[in-house]
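**Q** Chains as they are written, first to last, in my numbering: chain Z, 1 to 425; chain D, 1 to 323.
Note that these hints are calculated values from the structure, not bench results.
Just so it is clear, the structure is predicted and the values come from calculations on it, not from any experiment.
By construction, the Cβ of each residue, glycine as well, lies at the ideal position given by its N, Cα and C atoms.
Just so you know, not all the hints are guaranteed correct.
Label pairs and their computed distance ranges (CB to CB) [stated by the list, open to error]:
1) Gly-182(D) with Gln-234(Z): 43 to 53 angstroms
2) Met-116(Z) with Asp-165(D): 29 to 39 angstroms
3) Pro-159(Z) with Asp-186(D): 26 to 36 angstroms
4) Pro-183(D) with Thr-194(Z): 26 to 36 angstroms
5) Asp-186(D) with Ala-282(Z): 43 to 53 angstroms
6) Arg-244(D) with Glu-119(Z): 22 to 32 angstroms
7) Arg-232(Z) with Ser-213(D): 17 to 27 angstroms
8) Thr-194(Z) with Arg-244(D): 17 to 27 angstroms
9) Gly-341(Z) with Arg-210(D): 32 to 42 angstroms
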Amino acid sequence: MSNTESDHADASADRTDRERTFGDYGGQYVPEALMPALQELEDAYERYVLENEDGFMDEFSERMRDFGGRPTPLQRADRLSERYDREIYLKREDLVHGGAHKLNNALGQVLLAKYMGKERIIAETGAGQHGTATAMAAAHLDMPCEIYMGRTDVNRQRPNVYRMRMNGAAVNPVEAGSGTLKEAINETLRDWATTVENTHYVIGSVVGPHPFPRLVRDFQSVIGAEAREQIREQAGRLPDSVVACAGGGSNTMGAFHEFVPDESVDLYAVEAGGSSLDIDEAAGVAPNSATLSTGTDGVLHGALTKLLQTDDGQIVESHSVSAGLDYAGVGPELSRLVETGRVTPTSVGDDAALNGFHRLSNLEGIIPALESSHALGCVEANHEELGDLVVVNVSGRGDKDLETVLEETEKRDLDAAPDVEVFDA
Amino acid sequence: MSREPRASRSERTGNEVTRELRTDGGEQLAATDSNIEAAIRENHPALITYITAGDPSLEDTRAYVEALDRGGADLIELGLPFSEPTAEGPTIQAAINRALAAGTTPAQFFDLVDDLSTEAPLLVMTYYNMILQYGPSEAARTSKAGAAKPQNKPDVRPFVERAADAGLSGIIVPDLPAEEAGPLRDACDDRDIDLVFIVAPTTEGERLDRIMSQVSGFAYVQARLGTTGARADVSNATHDSLTRLAGYDVPKAVGFGVSEGDHAAEIVAAGADGVIVGSALVDIIADHGAGDAPAAAELEAKARELKRGARRGREEAPEPEQP
C-alpha cells in the first residue's frame, strides 16, 4: 500500500477521472429519482477518494491492511513457470480476507457510505462473494446491511448465505426471472429507488451508472498497484502481459488500471466461453458470458456498454460454470479499452476453466476460484503469446466451488483432473 | 355514457394545435400545444392510463385500449416490454413478463399501434435499450462466434421515426434522465413527438429547472420514492412535488401508486392537471385470461371511476386551470 497516496495524487490530477463516460461508454441511465444520489456520490468520490479529504484513503488503506490482510503476495509459480517455459507470477488476491478481491471494493464503499452519513447498506450478489464481502465490511464498520440474491443462487450457494447471516446481514431472495445476478441487481436498484435518502448501494463490480465504474475501479486498483511494484522488485522489470478473468470486470480493472499507461504490457481479459459462443435468439439464452468478445452496444443497469442481447434489445440469460462470471453485461471502461485495442478480450470455455482449476490445485497447492481458473485456462491455451514474464491475477480462492467442481468434473473427461470418483472412498 | 367531446387523434392535422397563451403582462402570444398538451388542457383534469402491450396478447391489448378510450382515458400509455424493468414494482414486472412470454416484439407493437384509432393520443413507455436497438440492421448486430461483426453504433432515430409514422404522440423512458436525453430529445423534436420526463420527489433546484426546460407534453410527477404499484393512499411527497412545480407552465400529471377515484380527486385538488394510473389497471388484466371479454368491461368501468374522481377533485382545486 506504500504507493497508494501517490497514485491517488496522480488520479486527482487527471481530469478525465471526473467524466461521466469512457468514450461513448458509461453514463448515467437510471431513473430520475436516483440522479441526486449519484450526484451526491460523485461529490463524495471526488472529495474522499480522489482528494483524500479527512484522510479517507489513509483510513481505507489501514483497514485493508489490518482487517483485509493487504498487501497480498506476488508469488512466482515455479511449476507453472517450468511447464510453460516462461516466468509466471501469481497475484494472490485469494489471500485477501474473505477469500477474494471483493473486499477491496466492499470495504471501500461501506467506509465511504459512513463518511457520507448514510445509515444503511444494500448490495446485490450473484454467487455470494460480493455479498459476503459487503456483510463482513458492514459488520466491521457497524452498518445495517441487506443483501439481495436470486433464488437460484440462494439455493446453490448455501454456505455463502450462512456466512452473510453470521455477519449480521439480512439476505433477501429474489424470485423474479432466472433468479440470478441480473435479477438481484434489478431488485437492489428498486430498493435504492425507494430508500435512496438514507441508503448506500454497494455495487459489486465496475458496472452501473457513473461514478460507480470509476469508484469501484479505484478501490480495486490496489491489485495492480501492488503487483506493478512487486514485479519490478522481484523480476526487475515490468511484465510482458497481465492476465485476469472478466465477468463484470472488477478484478480485471483492478489488475489492469495501473498498467494501462505501460504500453509494453499486454492486457488480457479472459471471459467465460461457457459451452459455446453462440446466442440462441429464440430462447433468449447465451450459453456463455463472453460479453466483450461477442456482445453488442446497449444500455443495462445504468451504463452504455457491451451486452449479450437479442436483436430487439432484450437481455439474454448468460451462462458459465463460474457463477461469478455469469453476467450479460460488463464494465463500460473495459468496453472502451477493448474498443481502443488496449485490452485484448479472449474467452475460455467451461472445460478449459475446470482444467485450469485442477492444474493450479495440483501443481501449485493453490485451489483457485472458478472465476480465476479462466485466467489460468487462458495461460494454458495461449502461453506462447504472453511473452516471457506473465502476471496472472488469482482473484479468489476456490473453496466455495468444490461442490460444483466435483459435480462438473464427474461429467467430463478432463486431462488435468484427478479421479474424483475415489474422493468419497 | 357521458363524456366531454374531444378532438380525436385522427381529426388533427399534424401533431400540433394552436392555442392562445396569456402571459403575465396580458399580452396575447400564439403558442402551439402538442396533441398531448391539448388533450390534457381540453379534458382537464386528464386521466392518463398505462397498460403493457402484449399482456396477455396484442389482440387483448387492442380491446383494452379501445375500452380505456371509451371509459374516458384522455391519454393512453402503452408499455413496450423490456426484460429488465428496473423502475417497476411487482405488478407491472409481472405484466411485462407475460407480454414477453407471449413473444411481443417491437415490430408487432408498432403494427398494433398502426391499426389503433382512439380519440386519446397514444404514448409509448419503454426502457432506453429498446429504443437504441430498434432498427432494420438486424444482420449488422447479429452475434455469431468467430464471425466478423460489423457493429453499428446504436441509434435512437429508427425508433422515433417508426413511432411517429405509427401515430404515437409521445415517449416516456423511465431510465433516461435529462442528462442523457440529448439524442432522443433531438430526434423527437424533429418528428414533433413529445418526450415526457419524470420528476421525482428527490428532484429539486437546478435539476428541476433542467428537466422542466426539456420536458414536453406533460411533467410526469412521481408521487413517491420507489417503484410503480397501486397504493392505498396519496403520499405527502405528491403535495410537496406539486408545490415545487407550481411555477412551471407545463401540465403536471401524477403517477406511481394512484389506484382509486378518491386518489384522483385528492391529487387534482392538490393542483395536478392529470392523474396516471397503471398498476390498478394491470391488476384487472392479470385477473383475466387471454380473450376474456369482461376484462375490457372492467377496464372501461375503472377508467370511468378514475375520471369521475379527477373531475370531483377539480371542484375542490384551489385554482382550476381552464382549458
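**Q** Mind checking the hinted window 17 to 27 angstroms against the Cβ distance between Arg-232(Z) and Ser-213(D)?
**A** 53 angstroms, violated
**Q** Confirm or reject the claim that Gly-341(Z) and Arg-210(D) have a C-beta distance inside 32 to 42 angstroms.
**A** 36 angstroms, holds
**Q** Quick one: are Gly-182(D) and Gln-234(Z) within 43 to 53 angstroms, going by C-beta?
**A** Holds, at about 50 angstroms.
**Q** Is it true that Arg-244(D) and Glu-119(Z) lie within 22 to 32 angstroms of each other by Cβ?
**A** 25 angstroms, holds
**Q** Given the range 26 to 36 angstroms, decide if the beta-carbon distance of Pro-183(D) to Thr-194(Z) lies inside it.
**A** 30 angstroms, holds
**Q** Do the Cβ positions of Asp-186(D) and Ala-282(Z) conform to the proposed distance bound of 43 to 53 angstroms?
**A** 35 angstroms, violated
**Q** In this structure, is the beta-carbon distance linking Thr-194(Z) and Arg-244(D) contained in 17 to 27 angstroms?
**A** 20 angstroms Cβ-Cβ, so the 17 to 27 angstroms window holds.
**Q** Is the hinted range of 26 to 36 angstroms satisfied by the C-beta distance from Pro-159(Z) to Asp-186(D)?
**A** 52 angstroms, violated
**Q** At the C-beta level, are Met-116(Z) and Asp-165(D) separated by a distance inside 29 to 39 angstroms?
**A** Given a distance of about 48 angstroms, which is not inside 29 to 39 angstroms, the answer is violated.
Hint check: violations occur at hints 2, 3, 5, 7; the rest are consistent with the structure.
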